[in-house]
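J.: As given, the protein sequences belong to chains A and U, one line each in that order. Here this note's numbering = 1-based position in the first sequence + 17. Here this note's numbering = 1-based position in the second sequence + 6.
Simulated from the structure, these hints should not be mistaken for laboratory data. On a predicted model such as this, the values are computed, not experimentally measured, just so you know.
Partial pick of chain U residues on the chain A-facing surface, computed with a CB cut under 8 Å:
| no. | residue |
| --- | --- |
| 1 | Lys-202 |
| 2 | Ala-229 |
| 3 | Ala-245 |
Don't be surprised by glycine CBs; every beta carbon is placed ideally from N, CA and C.
One-letter residues, chain by chain:
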Amino acid sequence: MIRDDIIDFIYSEARMLDEGRFTEWLALWMPDAHYWMPLGYNQADPINETSLLYEDHFMLRLRVERLNGERTFSQKPKSRCHHVIQRPFVDVFDVKAGIFQTNTAMHYIETRLDEQQLLALTAIHDLCCVDGKLRIAGKKVVLVNSDAAFGNIQLLP
Amino acid sequence: MHADEIRALVQGHQVHRDVYTSHAVYQAEMRHLFANAWIFVGHDSQTPNKGDYITTQIGDQPVIQVRHSDGNIHILHNRCPHKGTKIAIDRAGNTGKFFRCPYHAWSFKTNGCRLAIPLKKGYDGTGLENTPNYEGMAAVGAVEVYHGFVFARLAYNGISFEEFFGDSLSSIDNMVARAPEGRLKIAGPPLRYMHKCNWKMLVENQTDTCHPMVAHESSAGTAIDIFREMGEPEPRPAAMQIIAPFMSAYEFFESMGIRTWPNGHGHTGVNMSIHSDYDAIPGYYEALKQTHGERKAKAILDESRHNSVYFPNMMVKAPLQQLRNFIPLGPDKTLVESYVYRLAGAPDQLVAMSSMYNRMINAPTSIVGHDDLEMYERAQEGLQSNGLEWVNLQRLYETGEDFDVEAVENGTTERQMRNQFDAWVKFMTADMEEAA
Ligand SMILES: [Fe+2]
Chain A
18 MIRDDIIDFI
28 YSEARMLDEG
38 RFTEWLALWM
48 PDAHYWMPLG
58 YNQADPINET
68 SLLYEDHFML
78 RLRVERLNGE
88 RTFSQKPKSR
98 CHHVIQRPFV
108 DVFDVKAGIF
118 QTNTAMHYIE
128 TRLDEQQLLA
138 LTAIHDLCCV
148 DGKLRIAGKK
158 VVLVNSDAAF
168 GNIQLLP
Chain U
7 MHADEIRALV
17 QGHQVHRDVY
27 TSHAVYQAEM
37 RHLFANAWIF
47 VGHDSQTPNK
57 GDYITTQIGD
67 QPVIQVRHSD
77 GNIHILHNRC
87 PHKGTKIAID
97 RAGNTGKFFR
107 CPYHAWSFKT
117 NGCRLAIPLK
127 KGYDGTGLEN
137 TPNYEGMAAV
147 GAVEVYHGFV
157 FARLAYNGIS
167 FEEFFGDSLS
177 SIDNMVARAP
187 EGRLKIAGPP
197 LRYMHKCNWK
207 MLVENQTDTC
217 HPMVAHESSA
227 GTAIDIFREM
237 GEPEPRPAAM
247 QIIAPFMSAY
257 EFFESMGIRT
267 WPNGHGHTGV
277 NMSIHSDYDA
287 IPGYYEALKQ
297 THGERKAKAI
307 LDESRHNSVY
317 FPNMMVKAPL
327 QQLRNFIPLG
337 PDKTLVESYV
347 YRLAGAPDQL
357 VAMSSMYNRM
367 INAPTSIVGH
377 DDLEMYERAQ
387 EGLQSNGLEW
397 VNLQRLYETG
407 EDFDVEAVEN
417 GTTERQMRNQ
427 FDAWVKFMTA
437 DMEEAA
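Produce the complete structure using the sequences and hints provided.
T.: Below is the structure:
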């Protein structure tokens with residue numbers, strides 16, 4: 018495992034989301050991982066305060082399977098997304114323990130019908146290594162305007 | 007607009023689409039309905055210390071909720087009496103002993119009264135002291151703090167707080183009684199979700215029990231499918247407690263029951279509700295029993311009111327200590343703020359459950375929220391159609407319904423929506439001229 022493997026992983030995750038390969042994306046996640054998007058800009062507690070997202074594997078799977086549902090009216094027509102990401106910082110690189118953490122600045126665009134919104138954010142990934150493959154052990158997405166009023170955000174940065 | 011024009015828009019079993027789409031109607035709502043009715047402003051735990059304030063809106067009116075030096079809460083118009091500059095624009099803060107306008111440094115006590123005007127001799131002999139601008143920041147017509155919930159009436163004269171809300175206050179009572187120490191405390195900032203639809207669509211949806219199994223099939227139905235495929239593991243995933251009950255059958259929602267109170271208030275979940283089947287939280291019942299005794303503690307928790315609408319634009323979910331404020335920003339624009347409160351003296355797991363419900367259901371990132379907003383926005387666009395001008399509210403309608411008396415009915419009735427429009431006409435026209 019070298020640093021470039023970690024960085025490549027972050028890029029390929031973004032590409033999966035942009036290409037709508039959500040089932041493949043879901044398989045990247047560890048079963049006990051959480052996807053956290055705080056509501057407060059400096060929010061420390063994901064449990065006892067409201068977040069935008071704090072999703073376990075069941076919720077992430079529900080989100081992905083719902084996207085393809087026959088009666089998912091808010092996805093008829095479907096949304097599309099697009100990530101532009103900066104080269105990730107590898108903040109933790111512990112090959113021995115199999116623990117890695119990255120910090121990645123992104124511009125995330127989501128579009129549906131005639132609407133398009135831009136979100137600027139920092140994504141912090143906790144990664145681990147299972148059978149020689151990198152997996153997501155946790156992901157925290159800090160929107161630079163997390164406390165702003167939003168319309169629907171239907172896909173995931 | 008005049009009173010006869012407003013009355014012509016509401017026919018009991020149907021309403022004219024102008025109530026959702028017309029700019030003139032919206033402006034009349036801001037001038038009349040939101041002035042004559044009692045409107046939710048905030049919670050006193052948002053401004054616990056002297057000088058603490060929050061900024062918000064009552065209808066389209068910018069206001070400040072502030073804790074004055076005597077400990078009382080005041081609601082002031084957020085406008086400098088000099089040139090109109092907003093005195094505060096951050097959502098929350100502490101102003102110390104006084105407000106100071108950032109434009110020309112006119113300053114005001116935290117009850118709004120004028121404190122000082124710089125270079126005052128420039129006004130000598132000008133008659134400034136004879137204008138209302140000289141008094142300071144204007145206060146709203148009336149303020150009431152009920153179990154920590156702050157309400158205001160913009161109009162100086164009008165219906166009293168007690169008469170306006172009547173027995174509907176029992177839902178707030180129940181929410182507060184759930185706290186072993188008898189009070190609530192705000193738990194973090196609210197979710198803020200922008201809706202491109204009329205504010206009344208959201209309020210009506212709070213007691214619309216015929217939409218969950220249809221509009222939310224994509225969320226709740228899919229959750230149940232996944233759970234079955236997993237072999238129904240125990241303990242069940244959190245989403246199965248919170249989202250899955252939306253798929254309950256029509257019969258379930260029918261037997262939940264709906265209660266309406268005079269002046270547009272009402273609630274779903276008279277007998278039980280989709281919140282009845284939550285896992286018990288260790289230690290909570292024991293704490294509540296300490297406060298109230300066994301019988302009363304049980305009675306408090308047996309009450310499982312789903313959504314209690316406080317007309318015109320607020321909703322309380324007592325079993326989950328949640329409040330949703332539907333703030334109108336235009337005929338086709340509404341900001342929904344969804345708050346969670348902590349029950350003083352209760353285990354942390356309660357506020358964790360409420361926070362989870364809030365993000366799963368009320369967030370701009372929530373799949374359940376997506377289901378709903380899609381319907382509102384389609385309705386807002388569909389109502390532009392001239393194919394039909396009237397919107398139907400006829401489910402379980404009876405001619406000659408009397409909304410001045412409390413009623414309990416089948417949980418799928420649209421009576422509460424009709425009740426809201428009955429009150430809408432009443433408080434729109436209370437101070438209107440009859441005809442042109
Ligand atoms: Fe809904």
